[in-house]
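Residue numbers (our numbering): 1 to 237.
There could be a bad hint or two in this list.
Said to hold, decoys possible - Pairs of lysine-lysine residues, derived as BS3-like cross-links and limited to a Cα-Cα distance of at most 27 Å, are as follows:
id: 1; residue 1: Lys-57; residue 2: Lys-109
id: 2; residue 1: Lys-202; residue 2: Lys-216
id: 3; residue 1: Lys-138; residue 2: Lys-176
id: 4; residue 1: Lys-176; residue 2: Lys-162
id: 5; residue 1: Lys-75; residue 2: Lys-230
id: 6; residue 1: Lys-229; residue 2: Lys-68
id: 7; residue 1: Lys-162; residue 2: Lys-215
Stated by the list, open to error - With beta-carbon atoms standing in for the labels, derived distance ranges:
id: 8; residue 1: Arg-83; residue 2: Asp-10; range: 18 to 26 Å
id: 9; residue 1: Leu-99; residue 2: Lys-138; range: 30 to 38 Å
id: 10; residue 1: Asn-143; residue 2: Gln-23; range: 41 to 49 Å
id: 11; residue 1: Leu-134; residue 2: Lys-215; range: 24 to 32 Å
id: 12; residue 1: Lys-215; residue 2: Gln-23; range: 48 to 56 Å
id: 13; residue 1: Val-227; residue 2: Ala-81; range: 27 to 35 Å
id: 14; residue 1: Val-204; residue 2: Gln-118; range: 28 to 36 Å
These aren't lab readings, by the way, just hints derived from the structure by calculation. We put the CB at the ideal spot given by N, CA and C, even for glycine.
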Amino acid sequence: MKYKCLLVDDEPLALRLLENHLQHLDQFDVYGTCKNAIKAYEFLQKNKVDLLFLDIKMPQLTGIEFLKTLSNPPKTILTTAYRDFAFEGYELGIVDYLLKPILFDRFLKAIDRFIAMQVAETKPKPFRNPEDSLFLLKSGNKNYRLPVGNIVYIESIREHIKLVLTNGEDLLIKYKISELEAEIGNLPLIRTHRSFIVNMDKIVAFSNSEIELGKKIIPIGLSYREVVKKALSVGEL
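Using the sequences plus the hints, can you model the full thing?
Structure (structure tokens):
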């Protein structure tokens, strides 16, 4: 499979470096290059790409501002000479954050992350009967058997996940939220943010940016909005 890439940067040398890096990878094609976010917006209105390399510091519209305008953005790797925007970038669900000058070995790590995400999305999920009340988790030498109806939401905390239960208790387990997401199957659990998975049966109300679980407010990340919209069967989010 060939992945189509769009490169967006106002520095010709930066564009050339990315093109040179991508030439070493048979799976990736440079589908287009743009010198600013406006041109990139116009390009994406007419073309679909698999991976976007996006500079942050650009005239008129920054990469972060541009990414926020896209309702269904492609997988994105931010490229920049500044460290200041890393947290905001990851909040937008980016694949990776590359600091200039971009060395090839670091570039390959970002590519590996992208491929891993693609594989995870296309990998068939193990079947679980939605009527089955138990959710099974294995962490270290422990096995956890949890009634799905007892889970309100799950939060990622570094290398752990915190399961917030209906009885008011929290359960902290060493587990990655991405691994947990791959094991959901047909259960009524959905990832709404890079740090949260919620039990859809516990949702009281929701908007385009938030989900209410009683008094708890859970954010909806921009990159998860389309998935949440489909899961909740609403026309717009």
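Given the range 18 to 26 Å, decide if the beta-carbon distance of Arg-83 to Asp-10 lies inside it. Because 19 Å falls inside the window, the suggested range holds.
Below or equal to 27 Å on CA atoms is what counts here, so check Lys-138 against Lys-176. holds (12 Å)
In this structure, is the beta-carbon distance linking Val-227 and Ala-81 contained in 27 to 35 Å? holds (33 Å)
Taking 28 to 36 Å as the hint, is the beta-carbon distance of Val-204 and Gln-118 inside that range? For Gln-118 against Val-204, whose Cβ atoms are near 34 Å apart, the range 28 to 36 Å holds.
Between Lys-176 and Lys-162, does the CA-CA distance stay at or below 27 Å? Satisfied, since the Cα-Cα distance of roughly 10 Å is no more than 27 Å.
Please verify whether Lys-75 and Lys-230 have alpha carbons no more than 27 Å apart. Holds, at about 19 Å.
Verify the CB-CB distance for Leu-99 and Lys-138 against the hinted window 30 to 38 Å. holds (37 Å)
Range agreement (Cβ of Lys-215 with Cβ of Leu-134, hint 24 to 32 Å): The hint (24 to 32 Å, Cβ to Cβ) holds, given that Leu-134 and Lys-215 are roughly 27 Å apart.
Is Lys-162 within 27 Å of Lys-215, Cα to Cα? holds (17 Å)
Cβ separation of Asn-143 and Gln-23, checked against the hinted range 41 to 49 Å: holds (48 Å)
A range of 48 to 56 Å was offered for this pair. Does it hold for the Cβ distance of Lys-215 and Gln-23? The hint (48 to 56 Å, Cβ to Cβ) holds, given that Lys-215 and Gln-23 are roughly 53 Å apart.
Given the hint that Lys-57 pairs with Lys-109, test it: the Cα-Cα distance must not exceed 27 Å. holds (23 Å)
Checked against the numbered hints listed earlier, the structure breaks none of them; every hint is satisfied.
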